[in-house]
Amino acid sequence: MGKRKLVVIGNGMAGARAVEEVLARGGAGLFDITMFGDEPYGNYNRILLSNVLNGSQDPADIVMNPLDWYRDNGIALHAGSPVTDIDRSAKTVRSEAGIHVPYDYLLVATGSRAFVPPVEGLTGPGGKLRDGVFAFRTLDDCDGIVAEARKSRQAAVIGGGLLGLEAARGLINHGCQVHVIHIGKHLMEQQLDAPAGAMLKAAMEAMGIQVHLQKSTSAVLGDERGIAGLAFKDGTSVECDLVVVSAGIRPNAEIGMRCGLTVERAIVVDNHMRSVDDPGIYVVGECAQHRGRVYGLVAPLWDQAKVFADHVTGRNRDAAYHGSKLATKLKVMGVEVAAMGITEPTEERDEVVQFTEPKRGTYKKLIVRDGRLVGGILMGDISKAAYLMQAFDRDSPLPDERLSLLFDLGAPAEKVTLTEMPAEAQVCNCNGVTKAAVGACVSGGARTASAVMKATRAGMGCGSCKGLVNELVDFYCGGEAEEDPSIHYYVPGVPLATQDLIEAIVANGLKSVSSVFRVLAGGKEDPGSKPGLANLLSTIWKGEYEDERDARFINDRMHGNIQKDGTFSVVPEMPGGVCTPDELKRIADVAVKYNVPLVKLTGGQRIDLVGVPRDDLPGVWKDLGMPAGHAWGKSYRTCKSCIGTDYCRFGLGDSMALAARIENRFRGIDSPGKLKLATAGCPRNCSEAYVKDVGAVAIGDGKWEIYVGGAAGAHIRKGDLLCVVGSHDEAMKVMGRFMQYYRETAKWKERTYSYVERIGVDKLRSIVVDDSEGIGERLDKAMQESIDAYRDPWLEGQNPATPNQFTSLVPAEG
Amino acid sequence: MADRFTLGPLTGLPAGEGRTFKLGDRRVAVFRTRDGGVYATQATCPHRSGPLADGMLGGHALVCPLHDWMFDLKTGSSLNGACGIKTYAARVEPDGTVTVEVDDGEEVMAPPDVGAQHGATGNVATGAAAE
Chain A
1 MGKRKLVVIG
11 NGMAGARAVE
21 EVLARGGAGL
31 FDITMFGDEP
41 YGNYNRILLS
51 NVLNGSQDPA
61 DIVMNPLDWY
71 RDNGIALHAG
81 SPVTDIDRSA
91 KTVRSEAGIH
101 VPYDYLLVAT
111 GSRAFVPPVE
121 GLTGPGGKLR
131 DGVFAFRTLD
141 DCDGIVAEAR
151 KSRQAAVIGG
161 GLLGLEAARG
171 LINHGCQVHV
181 IHIGKHLMEQ
191 QLDAPAGAML
201 KAAMEAMGIQ
211 VHLQKSTSAV
221 LGDERGIAGL
231 AFKDGTSVEC
241 DLVVVSAGIR
251 PNAEIGMRCG
261 LTVERAIVVD
271 NHMRSVDDPG
281 IYVVGECAQH
291 RGRVYGLVAP
301 LWDQAKVFAD
311 HVTGRNRDAA
321 YHGSKLATKL
331 KVMGVEVAAM
341 GITEPTEERD
351 EVVQFTEPKR
361 GTYKKLIVRD
371 GRLVGGILMG
381 DISKAAYLMQ
391 AFDRDSPLPD
401 ERLSLLFDLG
411 APAEKVTLTE
421 MPAEAQVCNC
431 NGVTKAAVGA
441 CVSGGARTAS
451 AVMKATRAGM
461 GCGSCKGLVN
471 ELVDFYCGGE
481 AEEDPSIHYY
491 VPGVPLATQD
501 LIEAIVANGL
511 KSVSSVFRVL
521 AGGKEDPGSK
531 PGLANLLSTI
541 WKGEYEDERD
551 ARFINDRMHG
561 NIQKDGTFSV
571 VPEMPGGVCT
581 PDELKRIADV
591 AVKYNVPLVK
601 LTGGQRIDLV
611 GVPRDDLPGV
621 WKDLGMPAGH
631 AWGKSYRTCK
641 SCIGTDYCRF
651 GLGDSMALAA
661 RIENRFRGID
671 SPGKLKLATA
681 GCPRNCSEAY
691 VKDVGAVAIG
701 DGKWEIYVGG
711 AAGAHIRKGD
721 LLCVVGSHDE
731 AMKVMGRFMQ
741 YYRETAKWKE
751 RTYSYVERIG
761 VDKLRSIVVD
771 DSEGIGERLD
781 KAMQESIDAY
791 RDPWLEGQNP
801 ATPNQFTSLV
811 PAEG
Chain B
1 MADRFTLGPL
11 TGLPAGEGRT
21 FKLGDRRVAV
31 FRTRDGGVYA
41 TQATCPHRSG
51 PLADGMLGGH
61 ALVCPLHDWM
71 FDLKTGSSLN
81 GACGIKTYAA
91 RVEPDGTVTV
101 EVDDGEEVMA
111 PPDVGAQHGA
121 TGNVATGAAA
131 E
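For the record, the sequence lines run as chains A and B.
At position 753 of the first sequence (counting the first as 1) the number is 753 in my numbering, and the numbers step up by one without a gap.
At position 69 of the second sequence (counting the first as 1) the number is 69 in my numbering, and the numbers step up by one without a gap.
Wrong hints could be hidden among the right ones.
Claimed, not checked - Below, a list of computed lysine-lysine pairs in the DSS-like style, where the Cα atoms sit at most 27 Å apart: (1) A:K233 <-> A:K185; (2) A:K5 <-> A:K128; (3) A:K564 <-> B:K22; (4) A:K564 <-> A:K749; (5) B:K74 <-> A:K524; (6) A:K325 <-> A:K233; (7) B:K22 <-> A:K233; (8) A:K524 <-> A:K564; (9) A:K325 <-> A:K542; (10) B:K86 <-> A:K524.
Stated by the list, open to error - To list a few chain A residues with every Cβ distance to chain B over 10 Å, as calculated: (11) R46; (12) K454; (13) R457; (14) E480; (15) P527; (16) G528; (17) Y545; (18) E548; (19) R549; (20) D550; (21) Q784.
No wet-lab data here; the hints were simulated from the structure.
Remember, predicted model here, so these are calculated numbers, not experimental data.
Just so you know, even glycine gets a beta-carbon here, dropped at the ideal spot from N, CA and C.
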C-alpha cells in the first residue's frame, strides 16, 4: 500500500508539534507530509516572543524547527503561502500562490490572530493596522515594535493581560515610557483576583510602567505624520507615539467556515480532535473548539497534538482529548506570578487558604475542593509553584497540613530563584552537576528531565535534587519541558505501568528477566531496569522465579552493601534490636578474627561490620552463625523498637515483642523500595515510628496506631495514619496487606513516602483495611507465599551460585 | 608488547557477569555478555575506582556499581560521562577457552575534578545506606 497524503495548514507551534508527534510514531513511513505556513520561516516558539522583545533572546534562539528539519524529514514546506481554499469533496487544498495539493488527511492548525478592538484610528485603509500601531503576535511584529520603540518616547499597550504585560516590560528595555491601558478592574483578571491584581499593578508601577485601569480606548489621536496619543471614553487621554495591541486573540477559523465545517467560536472538534463534520479533517491548537472551550495557551496544544498523532497514525484509535486545566506563569523580570484554575471559590465547600504580605509583594491564595487544588495564585514567592501546578494538573490529593502548601517549613530561608542562581552553582552534589551543565544539556536537545538526568547523571545519586533538576529543565525549556512517559512505568526500560507489567508477565509466563526484555521490550536490555524486574519477578513467582544472577545489583549478588573501596558491609539480623550476650561475643570475635576495619551501629539498631573483602564473606557469615540482616537491598530492612513495656516507665504496649514478630515474619521480603519499620511503645515515639515506611505506635488498652508513608532520610515526611488496631495479630495482618499491595502496585524505587502520596491514604485504607476491592485474602496469601519461599542468602556462602562468586581476584590459568 | 593469557573455560564466567582477573601485572575486568561475547576492560572505573567487574550489563552497556558511570564494552567509550575506559582484546578460542591479550597501553583515570566532589559516598548510586 502506498503512503497516504497528510496535509497540514499552519506551521506554528501546533502544526509543527503535531507533525513531530506523527513522526515520532513512525509517521514518515505512513504519510507524505505537506505543510503550509503564513510566515516565511521554519517554526518558532511563540511564547518566547516576549524575550525577543525585551532583548534577552535573539530571534534565532527561539526557532524550534529550522528549514533543514523539514528537508531532513521529507516534509514539503510551503512557507509564506497561506491556504485559501479547502475542497472537501475533491479532498484538495489550494494556496494563495496557486499551489494545489490533494490530501487523504488534513490537519488545520491555523492558530489565532490578535484581536483588534473597534477603535477609531487604529486601522488604516484596507483594515491594516496603521503605522505606529502593532499587534504582538509574530516575529515580524516583534521586529517592528523593537525598531519603532527605539525612536519612541512614550508607548501604550492596549490590554493588561499576560501578553500585554510582557510586552510592556519588554518596551521598558528600549528606553521609552510605557503605559498599560486595561479595560478591566484589575490586571490579568483571567488569572488573578482583585488583591493580586492590585499588587501586580504596584509591582509594574515600581518598574516605571503606568497602569490605567477601567479605560476603554475610543480613538487613536494624531495625523498622517504620526500618532500623538490615545483618547478614552471617559474623556481622558494619554500621550504616546507607539501603540501595541494585546487585547486578546481571535481563532483563525474562517477557512473552516468557508469549507462548511461547524464553527462556533472556533472549529468544533470531537475527542479525537477531528472536525465533527468530516472524518478526514483534524483541527488542533487555538483554532479548535473542544467541548465548548478554545485554549490560548501552549500546554493544551501539546496534549491535542499527541491525541491527533495517536489517532491519525492508528497507533491508538481510542486516543481521546479530555480538555486541559490551565496554569500559567508571567514571564516578567522582577515580578513572579503563577496562577492556575479558578480565582475565586465557586462552591460552598470550597476552602480558601490565603496569605498576604503587601509590603513585600507576597500573595498566596489556594482554593481547595475535596482535598484537591482547583485554583491558585502565587505572587512574589513562587517557590511552591512547581509542586502546586503539578498537584493541580494531576488532581492529586493535597497534604492535610495546608500550611506546607504555601511555605517550605523548616527549609533554608530564601530559596534562590532559578534566574538568580549562578551558572556554576552545583545542582546535584552527588555527581557534581552545575546549573550551567543542565542548561547546556537542554540546549543540546534534551527536552525532558529524565533525558537530562540520564545524560548528566544529575539526580542519579541520592536523588534529593530531582525536584530542583526538574524545575531547572523546565526553566531552560521556557516552561515547556516535556513529560517523559517512562515516569509512569514500573522501570524505564519496559514501557508498562506496574499492574500492566504484572499482567503481561503472568499472561506470557515470563519467569526470568531476560525473557521479559525479549518479549516486552523488543529485546533491548536496559541495565538499570534489570534489578527492578528481578525484584518484581520474585514477588510474582516466589519460589518459581528463574533467578538470573546478572539481573541483580552487586549488593544482591554479594548479600552485603558495596562500599567505596569495593569491600562489603555485613549486618547480621537482630530482631527488634535485641541479641544475646553470646551473639554479641560472636560478632566481636568475628570482627577480631577477620580484622574488620570498622564496627558501627546502624540507624536501624544493628551492628555493621564494615569493610569486609568479598573473599572473607563466606567465612564471616559462617562464623557469625546469625541470619542476614538484609541491610543492602530493595526489601524489608529492619524494624526498630523502643523497650516498650518491659522496663520503660511510660510504655503502653509491648513494642519489642511486636518488632521481633515483624522481623521474623518479613525478613528479606523484596519490595520496590527499601522498607524501614518501627514500633513505639507509646506516643513519645522514641523509635521514630512516625517517620518510617510502616510504623506502629501503642496508645494504650492494647491498641496500636499504624502509620504508613513516613520518611526521615533524604526526604522527610510524617506517615499517614492508616488505622488503629486492637492487637499484635491485627497489626501484623494490616502491615502485611499494606506491604503486599505496595509490592504489587508501586513503581521500582518508589519509596512509600511518594507512593502513599500518589495513591492517597484514603484509598489505601479502603483497600488494605476495609477490603473494599475484596482482595484482602489474596494479598495475605501472596505475602505468605513469599515468606514461605524465603531462604537466608548467607547460606550461599557455603554453596556459591556462580563460579568465583566470592573471589575478588581470579588468577589466570597460564 | 602484548601478552596473551588463558583464563580457562568460558563456563568459568557466568552469563551477563564480570570477574576481575590478575593477568601478569595487571588487574583486568572480563565480561561475558548474554549473547555469548567476551570482553575485557581495565578493572576500575576512571571516576572513583569502582570495581567495574561488579557492574550491571545490559546488551553491551556496562554500568559502574558505585556512581552509575556507563561505558560501551566494545569500544570503551563513555555512554554518559566525561571519559571512556581502556579495553583489551578478548576472545573465545575454538576449544572453548577464553584468552585476553594484555598490551601495555595506559589505563584511563579521570582528572580529580570530574564528577563527584561533594558528599558522594560509596553507595549513593544505590541508595543503599546500611540500616
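Going through the earlier hints one by one, which of them does the structure break, listed in rising order? Hint check: 2, 6, 7, 8, 9, 12, 13, 15, 16, 18, 19, 20 fail, others pass.
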